[in-house]
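Take the given structure of chain A and dock chain B to it, following the hints.
First to last, the protein sequences are chains A and B.
Numbering-wise (the UniProt record's numbering), the first sequence opens with residue 1 and increments by one.
Numbering-wise (the UniProt record's numbering), the second sequence opens with residue 1 and increments by one.
These are computed hints drawn from the structure, not numbers from a lab.
Warning: the hint list may mix true and false statements.
Stretches of chain A that chain B covers, calculated by requiring three or more beta carbons in the stretch to come under 8 Å of a beta carbon on chain B [said to hold, decoys possible]:
hint: 1; region: 3 to 14
hint: 2; region: 46 to 55
hint: 3; region: 91 to 100
Every residue gets a Cβ at the ideal spot worked out from N, C-alpha and C, and that includes glycine.
Protein chains: 2
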Amino acid sequence: MSPNFKPYYAVIFTSTQKENITGYAEMANKMEELAKKQPGYLGIESSRSDLGITVSYWESLEAIKNWKQQADHLEAQKQGKTKWYRWYKIRICKVEHEYEFSSLDN
Amino acid sequence: MSPNFKPYYAVIFTSTQKENITGYAEMANKMEELAKKQPGYLGIESSRSDLGITVSYWESLEAIKNWKQQADHLEAQKQGKTKWYRWYKIRICKVEHEYEFSSLDN
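Looking at chain A on its own, in the form it has when it is part of the complex:
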């Protein structure tokens, strides 16, 4: 860990989807664009095979709370529950350490 490392927050969103996910991709893109404009947004990483994992990164718990309550996002959450997600789990985490590797023959 760098001596200058400043802790930040991660939201781990793990999900399985229903078979019919009409409208999902459009909404997901819209929400990602919107999240990027939120105060305290740091980044997002996303992957989906059987399971979907999206991790978004934030400066503070306050920033996460504000994003959770953003009006368009509230509507997306509602649609997510009724239309697209079979199951999801959200974990709010404090990132305490991090390290990175890049291969030389990249």
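Positioned in the frame of chain A, the structure of chain B alone reads:
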């Protein structure tokens, strides 16, 4: 958050792979089986599209440290750096809150 919620730890492992990943799947399965036997192991979630995200969950930082230093895992890490990963980032996080959703028409 449940009043009985007990914080635990997550290791977020985000990666991109090289084109030739011969031997990777076998090693990944082996490591997952091995992790499950480690003291303090709680669970694992994995997904890969362009980006791979694997999140493993642990009771304590001590459990994560022990897993990091496990002999077969050290060998896997070494091979990961030289053979399979183009890039990776590891974040050690404390899970402070969590909530879960299951659809009724599941």
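Status of the hints after comparison with the structure:
As drawn, the region 3 to 14 of chain A meets chain B at 3 residues by the rule of a beta-carbon pair under 8 Å; at three or more, the given contact holds. Remark: the region 46 to 55 of chain A is confirmed as covered by chain B, as 9 of its residues place a Cβ nearer than 8 Å to a Cβ of that chain, reaching the required three. With a threshold of 8 Å between beta carbons, the proposed coverage of the region 91 to 100 of chain A by chain B holds, since 10 of its residues qualify and at least three are required.
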